[in-house]
Each structure stands twice: as C-alpha cells, then as structure tokens.
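Visitor: So you can see what is in the structure, the chains are spelled out below.
Protein chains: 2
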Amino acid sequence: MAAQKVLIAGVWKHSDSTKTFQSEDPKAQTVLPDHYPVSDWDECSAALDAAVSAFEVMRTLPRESIAKFLETFANRIEARSAEICEMASSETALPVEPRLASGELPRTCGQLRAAAAAARSGDWANATIDTANNIRSCLAGIGPVAVFGPNNFPLAFGSISGGDFAAAIAAGNPVIGKANSMHPGTTRILAEEAQAAAESTGMPAGTVQLIYRLDHADGEKLARDPRLAAIGYTGSRQAGLKLKTAADSVGTPIYLELSSVNPVVILPGALAERSAEIADEFSSSCLMGTGQFCTNPGIVILKSGDATDQFVAAVSEKFKNASVGTLLSKSGQDGLASALKTLQGGGAELICGDGVGGGAGYCHSNTLLKVSGAEFTKNSEALQTEAFGNASMFILCDSTEEIVNVVKSLEGNLTGCVYSHTDGSDDGDYDQIVPALRQRVGRLLNDKMPTGVAVSPAMNHGGPYPATGHAGFTAVGIPGAIPRFAMLQCFDNIRPHRLPEILTDKNPLGAWRSIDGKWTNAAI
Amino acid sequence: MAAQKVLIAGVWKHSDSTKTFQSEDPKAQTVLPDHYPVSDWDECSAALDAAVSAFEVMRTLPRESIAKFLETFANRIEARSAEICEMASSETALPVEPRLASGELPRTCGQLRAAAAAARSGDWANATIDTANNIRSCLAGIGPVAVFGPNNFPLAFGSISGGDFAAAIAAGNPVIGKANSMHPGTTRILAEEAQAAAESTGMPAGTVQLIYRLDHADGEKLARDPRLAAIGYTGSRQAGLKLKTAADSVGTPIYLELSSVNPVVILPGALAERSAEIADEFSSSCLMGTGQFCTNPGIVILKSGDATDQFVAAVSEKFKNASVGTLLSKSGQDGLASALKTLQGGGAELICGDGVGGGAGYCHSNTLLKVSGAEFTKNSEALQTEAFGNASMFILCDSTEEIVNVVKSLEGNLTGCVYSHTDGSDDGDYDQIVPALRQRVGRLLNDKMPTGVAVSPAMNHGGPYPATGHAGFTAVGIPGAIPRFAMLQCFDNIRPHRLPEILTDKNPLGAWRSIDGKWTNAAI
Chain G
1 MAAQKVLIAG VWKHSDSTKT FQSEDPKAQT VLPDHYPVSD WDECSAALDA
51 AVSAFEVMRT LPRESIAKFL ETFANRIEAR SAEICEMASS ETALPVEPRL
101 ASGELPRTCG QLRAAAAAAR SGDWANATID TANNIRSCLA GIGPVAVFGP
151 NNFPLAFGSI SGGDFAAAIA AGNPVIGKAN SMHPGTTRIL AEEAQAAAES
201 TGMPAGTVQL IYRLDHADGE KLARDPRLAA IGYTGSRQAG LKLKTAADSV
251 GTPIYLELSS VNPVVILPGA LAERSAEIAD EFSSSCLMGT GQFCTNPGIV
301 ILKSGDATDQ FVAAVSEKFK NASVGTLLSK SGQDGLASAL KTLQGGGAEL
351 ICGDGVGGGA GYCHSNTLLK VSGAEFTKNS EALQTEAFGN ASMFILCDST
401 EEIVNVVKSL EGNLTGCVYS HTDGSDDGDY DQIVPALRQR VGRLLNDKMP
451 TGVAVSPAMN HGGPYPATGH AGFTAVGIPG AIPRFAMLQC FDNIRPHRLP
501 EILTDKNPLG AWRSIDGKWT NAAI
Chain F
1 MAAQKVLIAG VWKHSDSTKT FQSEDPKAQT VLPDHYPVSD WDECSAALDA
51 AVSAFEVMRT LPRESIAKFL ETFANRIEAR SAEICEMASS ETALPVEPRL
101 ASGELPRTCG QLRAAAAAAR SGDWANATID TANNIRSCLA GIGPVAVFGP
151 NNFPLAFGSI SGGDFAAAIA AGNPVIGKAN SMHPGTTRIL AEEAQAAAES
201 TGMPAGTVQL IYRLDHADGE KLARDPRLAA IGYTGSRQAG LKLKTAADSV
251 GTPIYLELSS VNPVVILPGA LAERSAEIAD EFSSSCLMGT GQFCTNPGIV
301 ILKSGDATDQ FVAAVSEKFK NASVGTLLSK SGQDGLASAL KTLQGGGAEL
351 ICGDGVGGGA GYCHSNTLLK VSGAEFTKNS EALQTEAFGN ASMFILCDST
401 EEIVNVVKSL EGNLTGCVYS HTDGSDDGDY DQIVPALRQR VGRLLNDKMP
451 TGVAVSPAMN HGGPYPATGH AGFTAVGIPG AIPRFAMLQC FDNIRPHRLP
501 EILTDKNPLG AWRSIDGKWT NAAI
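Listed in order, the protein sequences are those of chains G and F. Residue numbers for the first sequence follow this note's numbering, so the first one is 1 and each next one is one higher. Residue numbers for the second sequence follow this note's numbering, so the first one is 1 and each next one is one higher.
Next up, chain G with everything else stripped away, as it sits in the complex (with noise of 0.2 Å):
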C-alpha cells in the first residue's frame, strides 16, 4: 500500500523518502491502516523553499486575500465536519460528540476566522505613526513559519488548522505544518482542506505545506535553517528544548508550550463555605478529557485540618466512581504511569489509584496523589513532574507560609487558580500568598478551574518558562497570538506612495492605531 502524499509546493506528491509509520486507534488498540511518510531532508529542503517563494508573494497580497483565504478555509472545514471528526476521533479515542464535533471543530473555525478578521482589520499589528516626525512602524510577517502541533488537540491546536497556524497566517506567512504522529490521518484532511482553500482564493503555492514527520536530526536542521523565521511548538518539553536549542543557535524565535502542573490554592473560608462545590468542580476539571488539558489542574494546595481531610476523601471518592477515560497513545499511558512512579519516588502517598488499564484501550485509573508541603519544597523538582493525564496531587501545608514557601518553589506554569471565601474572611492569606504565584503565572484566575481557555482578546494562553518560551506572548487569543510570527517594521520618512496601506493617512480599512500617542481608527 502506498503511503498517504505529502505537499510540498502546492502538489500532493508521492514522498520521495521509503520510511513509514501507521498511526493507532488508542481505544481498540489497533493500528489504523494508513501509511505515512517519514519526510527525508531534501523534502523539507523543498518545502522551505517553496515557502520562501510563497512568502514573497504573501508579502504583496493584499489583506483581504489572506482574510478570505482563512474564512474559506473554515467553510471547508464545517462542510467536510464528520469526516474529520471521525478520522480525529479514531486516532485520539476523543469522543465524536460532545468534545470533537460540538467543542474543538467550531472552536477552530471560530479561530480561524477571528484570525482573519484581524488580517482584514490589522488591528493585530500595533501600528504606530509620529506625524511631527514622519516615523511610522507596525508589525509585518516574518516569513516561513514551522508549525509542530501537539496530541491533545488534533484540531484546535493542529499543525494546520489551528491557533499558530491561524496566527501564522494571519500576519502573512506561509506554513509548513508537521503533522502530529498520533493523528496525520486528521492532519492530512485539513491540509486538503487548507489546500483547497487555498487555490481558490488565489494563493500562491506553498502558503500551506504538510510533512507528517521527520527523524529528530532532521527536525533539528530544520529549526536552524537560515530559510525558516520562526517556529510554533506544542508539545512535549524533552523535545521541545532540543528544537529550541537549535532555533535559538541562529536567532531563529521559537514559541513553545511544553508543560504546566497549573496549581489550584483553595484556602479555609472557600472549603468552609463550599467544600462539596469545589470538589464537584476540581473532579470534573480534572477528569475531563481523560485530563489530557495543557491546563490540567495537576498540583491542589491546601491547608491541613479537618476540612482538608473530607475534601480529600470526597474528591476521593468522585475518582473512584468516575468512568476511566482512554488515554490519546500508547505514550501517553506509559508518560502518565512513569510520571506517577517519579511523584511517588519523590515522597508522595497514594491516595487512589490501581495503575494502568480501568477503562477502554490505553488507559489508566483515575489516580490522587498526596504529599506534605515540607516534602514538596525539599524535593521540589521531581514533585512537580508533569502527570499529562487523568491524575493530580494534593500538597498539603501546616501554614499559610508554608503555602507560600511552595509557590516560590513552582517552575513557571501556564496558570494558577485560588478559591477563598466570598465573605473576604480569606483576604489575608490570598495576599501573603498571590504576590508569589501571580509572578510564576501567565492566568490568574478566581474561583474557578484552568480548564476551558475562552479565546478572548484578553486571553493569556501561555507563562514563564518552562511553561513556554517566552513570557511575553500568549498562544490562544486573537490577536494576542499574532504578533509572535510579526517582525517590527519601521518607516522613516517613506513617501507616501510606498508606505504599507496600515500606515498611510487615509487608512482605508480603519485599522485602530496609536497616532501621537493617542489610539483612533480614524484617517489622520
């Protein structure tokens, strides 16, 4: 059978490599019976070439092409729903309804056209005018952007199709999207999809390139390679540092989400006043999704005593009771069951839990971990290993400094969560306590789980490292996400017929910009 095509410069062609891989369906634990394409080098050398000729092109289009191309996109998409959410579903064991049909594919529609509504507006690219000076700067894209996608959410966040993708784009680049292996069977019919699109509103060819995967040497080459400018990552942190290594060796910017433990604080007075709401709301966080969320509610601190102890037991008991969802891979039941093995190594208690297997496929128990806040700031770092799954530990503290004492010991986290009571009666320890973790967070949020990002505008998808790459930028949220695959462009003393159409006076399509200081959408 021969392997599935790649594209490469606008053609499905025939990979010119002989290695392949199949994907699996996680739930029957069978392989599924495509063959995908192990890409050799002189295929991504093809690719980035042809996005080098396809960003020069990009770079004169007007804004409107780039926006059509993006609603279109998003209209193929909807048309071709059940096939992709079955394909999608087959390779990750996510569930067709309510998760992959009803949540992540108009989720990613929704994306991708906020994202071409910001291409339309330019409202994405911060432009600045001095009028005494005649200085005027904006972001511009950067050229070829490198898209590696995670496991977890083979749509929203898919190499092509989701959040960088639709940011990439938006700010004019074109994208070689690396298939995740765990599912290129649903990566490959967005990418016809994103093709087609792509033709019909006059694209150039290679403003979309799909490879489903490269050996780890070859992806390194890929990320130093002079003709690539900038790289969007989600995934796994052993990989991602080796593909930031490489990038950051040629000054090549590399955005990377790669891990987050996402501590919850729930203080006294919240326990005292809604223990069996808290409980209710931290299971179904944590259970959601087989708990395969990047904000994952994975580290629970509270203080000991009484009221700890029945919050445990119930949470316990929710655990037990809860159906064991399928895991998205094989890896990802042997990453959750060694990870559980470092936390226990490291000095924490079980609490529930029988290892792997409880459900369908690939799979392991719903499992609650607990350890004491001394432990977990003597052994900080194997403490807070993340367990990418249906799983969570329980670090319980003697004082409110102790509390403290653990935040200062957490690594940089895409969120933080604190519950207290809404009488105020917990004000004093959220403010010993916040100041600490507020600094090692990108969300801050109140009485209320990470799980569920909203794409807002004032949405912070993203935290120190190692949480990502960069504390800066977010990676859900348009048009918050857009600026990283932006270079900052200035024009002195252009004149005025030269002058990108963002920038001129007229300002035909009413893009807000900061005007000597002051923000209008207004002509000059």
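Honestly, I wouldn't trust all of these hints.
A pair counts as met if it fits within one copy or between any two copies, since identical chains are not told apart.
[As the list claims (entries may be wrong)] Think about it this way: if two alpha-carbon atoms lie no more than 25 Å apart in a straight line, the pair counts; the simulated DSS-like pairs of lysine-lysine are:
id	residue 1	residue 2
1	Lys303	Lys448
2	Lys242	Lys68
3	Lys318	Lys378
4	Lys68	Lys518
5	Lys320	Lys378
6	Lys408	Lys303
7	Lys221	Lys408
8	Lys341	Lys318
9	Lys378	Lys242
10	Lys221	Lys242
11	Lys408	Lys370
12	Lys518	Lys506
13	Lys5	Lys221
14	Lys341	Lys370
15	Lys341	Lys27
16	Lys68	Lys506
Derived from the structure by calculation, the hints contain no laboratory data.
Please build the complex by placing chain F on the supplied structure of chain G, with the hints as guidance.
Guide: For chain F alone, kept in the frame of chain G given last:
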C-alpha cells in the same frame, strides 16, 4: 589607592574582590587615576538577592513612585551635567560640546522622563479587557534585569541611565547595571545620582545596583541565574552571543543589539539629481562621532558608471580632507584596523585611508573601500564584517538584479536606506530592490541617512538577527522599548478589588486600553 565602591543593596561598599582595572583617556592615551573592582561571583549573587527583594517591594508600589524616581533621576543628572560630561569626555574622547552636553545628556534625560510618563499612564502595558468573559490582561514587570551598556553612548545607552535602564525601571523592575569597562567613572557618577534619586523617592534598596566588571565566566553564570528575569545587552557580537547562549539555556529573555552595516542604496536617478548633496550627507553621517554609531552607514550600494565614479571620487575627497576623529579606545582602533583587513582580504579594494593614525590619540584615517557586486555575493560573509568607525565600503553593481542579489546576501541589519529621484524615475528599481531589503532591516528610510535615531514611539531601533536578538522589539522609543522587560499577566474572573489599577473598571489614571476590541482611555 582603594578601588571605587560598588553599589549593592542600596549601599556603596568596597568590593570584596581584589582584582581591579583602570580606564583610559583615549585622546591622551593615558591611564585614568581611578581603580575599579572586578567583582566576583559572591558580589553578583548578593546583587541578585537584593534585586529579588527590591522587586517584591516594587511590585506593590503605585506607578507614581516609579515615575517620580525616574524624573528625580533626570533632574539630578541635569544638576550634575558638567561633571558627568567631563568625566564621559575623558573616558571616551567624545566632545563635551556639542555631543555630550547638548546632545546625549538631554536625550538621556528626555528618555528617562518619557519612561516616567509611560510608567505613570500605563500606556505601555497593552491593557486588554473582555467584559463579556471578565478576562483582563496587561503587561507587567518581570523581575530583576541586568543591563550591559555599550561603549559608544556612555549616557543615552549607559547601563544606569540609558534606554534599557529606563525601559526596565518603567516596567517596574530593579536593574543590575554592568558598567562598560571603557567608562566606569561616568557610570559611577550616574549610579550615585540614581541611588540618591531612589532614596529620596522611597524606592527600595536594590532598585539600582552597579558592578563595574565581571570575568566572562561570571557574566555567563549571571545570565543563567534563576534569580535574573531578563537581560538587555548592547555591544560586541562575540560577547553578546555568549551571554545569549547562557540566557537561552535557561529560558531567560535577552535583548541584544549586536552589529549592523546599515546598507544605503543610491539609485541612478538620485545621483543624477543631487550627487553633491548626497555626497555631503553621506560623508557627514559616516564621519560624525568618528563613525561610532550603531547605525553608521557601512555599506553603500550603487550601479557602476561615470556618475557613480564621480560620486565616489567626491566622497573620497571629503574623507581625505576631513579631520580624523579620536576613537573610543585602543580596542576600537585595533578592531577597526582588523575589520578593514578582513574586508580587503575578502576582496575589497582600498580607495583612501592610510591605516592607524592621522589624528589625536587612538585613531584611524578616514577610510573608503570598494568591491564589485559579483565579488560581494561570492564572499558575502567576510565582506559584511562590521568596520566600526570612520570607514565605509562601496558595492558597485552592474544591474538592478545584482543589487537585489547583494541585498539578498545581507544578514539582518538595523537600518536600510534608499535614495531615489524625486520625479519617480527610480521607482522601477525601488520596487525590485525594496521587498528584499525590507525584510532584512528594522528601519527602512527614504532619502535620508540612518544616523540620528529619534526617540519616537514609532521608532524601531532593532532588526532581524544578528543585528539584534529578536526582530519584534525596539531598543529605542518609549513606550515601544518597555515591553521587552515585561511578562503578560492575565486576570480571569478576578474579584474587582484584587485587580491591578490599570485593569479596574474605573481606570483612574486614564490609561489607553483595548476594551472589547476598541481602544479607549475612558472607564468602563
């Protein structure tokens, strides 16, 4: 004679280290009397601890405190202007008038006041509010920042006074300044005034700290230290890339300005129209300050022919007749001579210049080289070596295509200029050349030389690697320079009384904010 004191944790103290160095008067070629310590690691570590403590306090201060500190500092610099400029002149050979007293010092104070205004208003923080979801975000201080200043702007880019310092403080961060070893005395006086200003405005000890020199290994250790949150560096490419490797390895953002040859393209029509005028502009730009500007025009690209020969001859006359300025240091003199040798070894031909000497102190004769476009593209790596100082190189091309090829072989630069005929007759050439040039420079100019970097909100003093470390940011211009030293903080469902002032409904300071997609400085 005891060495000068370092400033650690709010106290001027004798260094624990016994290694010292002295700076030199580059004009008199005499060693200056003061001794300065080379700090050891313990001293760095103490500074880091103090900076961490200072940041904990700075986070809680009203923005007004930061603004008052910066303004008081600017006032104090002005009050001690004569002493500062004399010291700087003795250490750099830059003239007190007009350069230091009427140019760089007012620029420095203007930057500090602009940073104060931005700190006060919060307009730099990109505050974004989604009222429907009650999600709010803004940029906020990131933590202790180390600033390494360059040799060529002792005040306006000084590690304790310059643009990086002003930006880091405005974002709410403490600064550890590493003095440039060429002008430790200037930096000491500035740090005295900064510390006095910090004390008189109630800033915490450790807001400003000063170290004069470090061993390279300790510098890299500093860059890798988890207590450090970000780095600003302007200086040599070699030293900067070592710091970058260290900072990258731990995910610490580092903003570098490394090198630039600042290509100037002069099109045939422009020469036909105003050759003498452009020869004047170019010679002034290239020889001003003995050519020691980051944006000095180091490469001039022209089409071969009689008009170009006459232009080159005219410039050559000017270079021969112009007085030879003093360079900043012996290493500057050696570096310029060595770079010119590299360029000639790479195929460039000497037009004028007699090597080292010809003026007072450390100096090198005004030098021009030329090379063909074909030769340049064949050996572009050696031929774009930066010759920092009063020297430039003509690249003579046979065709527009050859100019495009030359431009495509350039690394990232801070600036790129194009001179063209005012009647539009060069526009065909312009349209062929500029797309390639635009992507390779941070600031594109028309009919204007690149020296003279206005402190404007629309300025970009940055550019693609290796001109800087990140093409998305500027080192000059307020508020644009500030977000480099910030992290993105999102507040999701945070109770109103716990929000930072800039994200509250009332917006008491009238900051510009993007609310539900519209910019306004009003309340909600």
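Visitor: Now tell me, hint by hint, if it's right for this structure.
Guide: Going through the hints against the structure:
no.: 1; hint: Lys303 with Lys448; result: within (19 Å within a copy, 66 Å between copies)
no.: 2; hint: Lys242 with Lys68; result: neither (36 Å within a copy, 45 Å between copies)
no.: 3; hint: Lys318 with Lys378; result: neither (30 Å within a copy, 70 Å between copies)
no.: 4; hint: Lys68 with Lys518; result: between (31 Å within a copy, 23 Å between copies)
no.: 5; hint: Lys320 with Lys378; result: neither (30 Å within a copy, 70 Å between copies)
no.: 6; hint: Lys408 with Lys303; result: within (16 Å within a copy, 62 Å between copies)
no.: 7; hint: Lys221 with Lys408; result: between (37 Å within a copy, 22 Å between copies)
no.: 8; hint: Lys341 with Lys318; result: within (22 Å within a copy, 75 Å between copies)
no.: 9; hint: Lys378 with Lys242; result: neither (29 Å within a copy, 33 Å between copies)
no.: 10; hint: Lys221 with Lys242; result: both (11 Å within a copy, 21 Å between copies)
no.: 11; hint: Lys408 with Lys370; result: within (19 Å within a copy, 59 Å between copies)
no.: 12; hint: Lys518 with Lys506; result: both (16 Å within a copy, 19 Å between copies)
no.: 13; hint: Lys5 with Lys221; result: within (22 Å within a copy, 48 Å between copies)
no.: 14; hint: Lys341 with Lys370; result: within (13 Å within a copy, 67 Å between copies)
no.: 15; hint: Lys341 with Lys27; result: within (24 Å within a copy, 67 Å between copies)
no.: 16; hint: Lys68 with Lys506; result: within (23 Å within a copy, 39 Å between copies)
This entry does not satisfy hints 2, 3, 5 and 9, going by the numbered hints stated previously.
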